[in-house]
Amino acid sequence: MTPTPQRLQITAARPDPALLDLPWHIPLEEWPAETLAALPRGISRHIVRFARLSGRVVAIKEIGETVAYREYELLRQLDRLDVPSVEPVGVITGRRSPEGEPLEAVLITKHLQFSLPYRALFSQSLRPDTATRLIDALAVLLVRLHLAGFYWGDVSLSNTLFRRDAETFEAYLVDAETGDLHDKLSEGQRAYDLEVARVNIIGELMDLQAGEFLEADVDAVAIGNALAERYTDLWRALTEVESFGYGDRWRVQARIDRLNDLGFDVGELDITTDVDGTTVRIQPKVVDAGHHSRRLMRLTGLDVGENQARRLLNDLDEYRAATDRQAEDESFVAHDWLTGVFEPAVRRVPRELRGKLEPAQIFHELLDHRWYLSEQQNRDVPMKEAAKSYVKDILPNRPDEQSILGVQAGDIRETAQMPIFDEDQIIG
Amino acid sequence: MATVTFDNATRVYPGTERPAVDALNLHVEDGEFLVLVGPSGCGKSTSLRMLAGLEDVNAGRILIGDRDVTDVQPKDRDIAMVFQNYALYPHMSVADNMGFALKIAGTPKADIRQRVEEAAKILDLTQYLDRKPKALSGGQRQRVAMGRAIVREPQVFLMDEPLSNLDAKLRVQTRTQIASLQRRLGVTTVYVTHDQTEALTMGDRIAVLKDGLLQQVGTPREMYDTPQNVFVAGFIGSPAMNIGTFPVLDGHASLGRARVPVAREVIGEFTEEDRNHITIGFRPEALDVVPAGTPNAIPVIVNIVEELGSDAFVYGQLTNEFGAAATVHSGAGDSQVIVRVDPRQVPAKGETIGVVIRNGEQHLFHAGSGERF
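Line by line, the protein sequences give chains G and V. Numbering-wise (full-length UniProt numbering), the first sequence opens with residue 1 and increments by one. Numbering-wise (full-length UniProt numbering), the second sequence opens with residue 1 and increments by one.
Just chain G, with the same shape it has in the complex (with noise of 0.2 Å):
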């Protein structure tokens, strides 16, 4: 028998020729070891494999074709609207095993660097900060998300990443099969979204309790419903309307200065006032996420997490005052701390390190680091001292998280917070 041959249709934005290479034409369950990058852990409801392509990593997908298009397509959009979500490298169909059977068409994605599943982050020794910060990670996610008329479907833990932010999470959607884009949500779509958020979170939660990965005592439904309340705060704070005299107008900045402090820029806010003039009624119509991100990029091109910039931000405000550049243009002294300040201490990370963490996330935890330093030696201690005891003594001991693919919770331990030294292990 003639084997019949395969005609492949490739969906892609930049098509990638080195995708022609991968072995189609077999069964995504049965691709030889060679190929995979690692093997994703759970029950999925589909077929994933995480597979090297161009010295990357990419997710993929066995999926009915038309959900393939659809998801892509969505994917697509969430990133045109600058939605944290995975990156869609393409679809194929057409798949034919050489015996002529018809195989599944896939969904291709980019593995996000540096992002961590929630397996990996909810281990024994969950420190219950963990938990509220990737709640609340997830939380402004939603928030994000149905600020853009995303209607989510299937909001959980398993569907998101996280990528450290400084000292919190920033969450990304992964799986968008069951979204849809709208103008606007109702608010039964919101209400729903929510309350399958938090079903599922809680059912995620007991089972790594079910798996003695999670002690019992973590009060699971509380974690769930936690969410629910930091999702209906957030959205308050950025949707409210607020009502208030006339001469109270120094509201109207105050609310801003708010919005900016929570992340989100104000691109319109919409202000009436009553007919005799006595009441103002104020409410943000669009609001952006990344305030401070956006403002990081800007001035210095480096395109980094929002709390990452916030503390990139506050250490470019230190050295302005420390070097006296108030008056100056901002942009100059911008440039002159990338390159003198942040650009060499990042540098002092040797190549093979460099796995460890993102270099904005290395920053931050250089400038913890160095207050630790600076506090326990009772003296102001130079960057360049601190980057050393850094480099020597804490980021060896941190797991590469560049490509955490298919790790099982307990496989990293947890790692947000600051090791405590020994007295002598501290020589500069």
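Honestly, I wouldn't trust all of these hints.
[What the hints assert, rightly or not] If you only want the chain V side, here are some residues facing chain G, beta carbon under 10 Å, derived:
1. G15
2. P19
3. A23
4. Q73
5. M81
6. Y89
7. L166
8. D167
Bear in mind the hints are in silico, worked out from the structure with no lab data behind them. In this text the structure is predicted, and so the values were computed from the model without any measurement. Glycine residues also receive a C-beta, built at the ideal position from the N, C-alpha and C atoms.
Let chain G serve as the given structure and place chain V on it in line with the hints.
Only chain V this time, still in chain G's reference frame:
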């Protein structure tokens, strides 16, 4: 258990003029399996989401039983969206996978166990209750997901294209399972699909929608035998009905040289809009192949013969000698007809065969409005 009523329910998306669902009136009986079917953009999913509370209702009402739920939050409607999410938890037993939502809701342990056991019995999962999901087959895992919805004992199950991401084989299997399970449980179910075969095989009744408007509701048999308009006629049935519009002269529709008698009472109902034309629909199985030279036979040039063993279908071209060729269409395309033929006497490709519409098996529609006579 409960009935579901759409009472003039309307949904207009902001920024659009035409309603996505326009004054829908539909009553689903207690325990009934109702399928909403139609092409994409017809309003079927929007209707379901209005019932679920995910879409605002701009006008009209929605009732579950006697309760007006138009402004009730989704989670307080006592409905279950089935299959939206069937990821199972690997470390929990099958029983815990089914009952965890009840645990969150604070249901007493003994009650949870009882409900889980009842559901497991219906789903044939009793012997797996203490196992982990890993030990189950794909179909069993799906039933666990179904069990999650069952133990909540909702008034109504809602399913939105639940089979769309399954492969063809599993889709047919699951289709039968869902339908028989629903009958055993007797829970009112509203099911959305774009696939008319799914609708015909699963539903107690089918509601066909197009452009936000309800076209017809009825049992699968009614939809097939007496479609109320040309759209339903062409949408329900596979292969699709052959449909064409012809001038009427002297009590006969002229299909080129062939003539089909049209009853006097039908002609009496003609409207100005019809312009003395009639739309005739005839299913592939309503045609008889007749010997060459039979008067009033319609000549069909055979393009393809599809042999299915029990049946055979001819996909044929009408000739131009046959004047109104271009006005006929079928599932196979314009000026194409589909004819079911005796699988033991199939014509050869390229051959011309004569066919006649079996008496009384044609469907007559107004040429103007498309409505059934």
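Comparing the hints with the structure gives:
At about 6 Å, the closest approach between the beta carbon of G15/V and any beta carbon in chain G falls short of 10 Å, and the interface hint on this residue holds. Interface restraint check: P19/V against chain G, minimum CB-CB distance 15 Å, threshold 10 Å, status violated. Interface hint status for A23/V: violated, as the beta-carbon distance to the closest one in chain G is roughly 19 Å, over 10 Å. Because the smallest distance between the Cβ of Q73/V and any Cβ of chain G comes to about 5 Å, under 10 Å, the interface hint for this residue holds.
Against a cut-off of 10 Å between C-beta atoms, the interface hint on M81/V holds, since the closest Cβ of chain G lies about 8 Å away. The closest approach between the C-beta of Y89/V and any C-beta of chain G is roughly 4 Å, which is under the 10 Å cut-off, so the hint is satisfied. Look at L166/V: its Cβ gets to within about 7 Å of chain G, closer than 10 Å, so that hint holds up. Nearest Cβ of chain G to the Cβ of D167/V: about 7 Å, under the 10 Å cut. The hint holds.
Hint compliance for this structure: hints 2, 3 are not met, and every other hint is.
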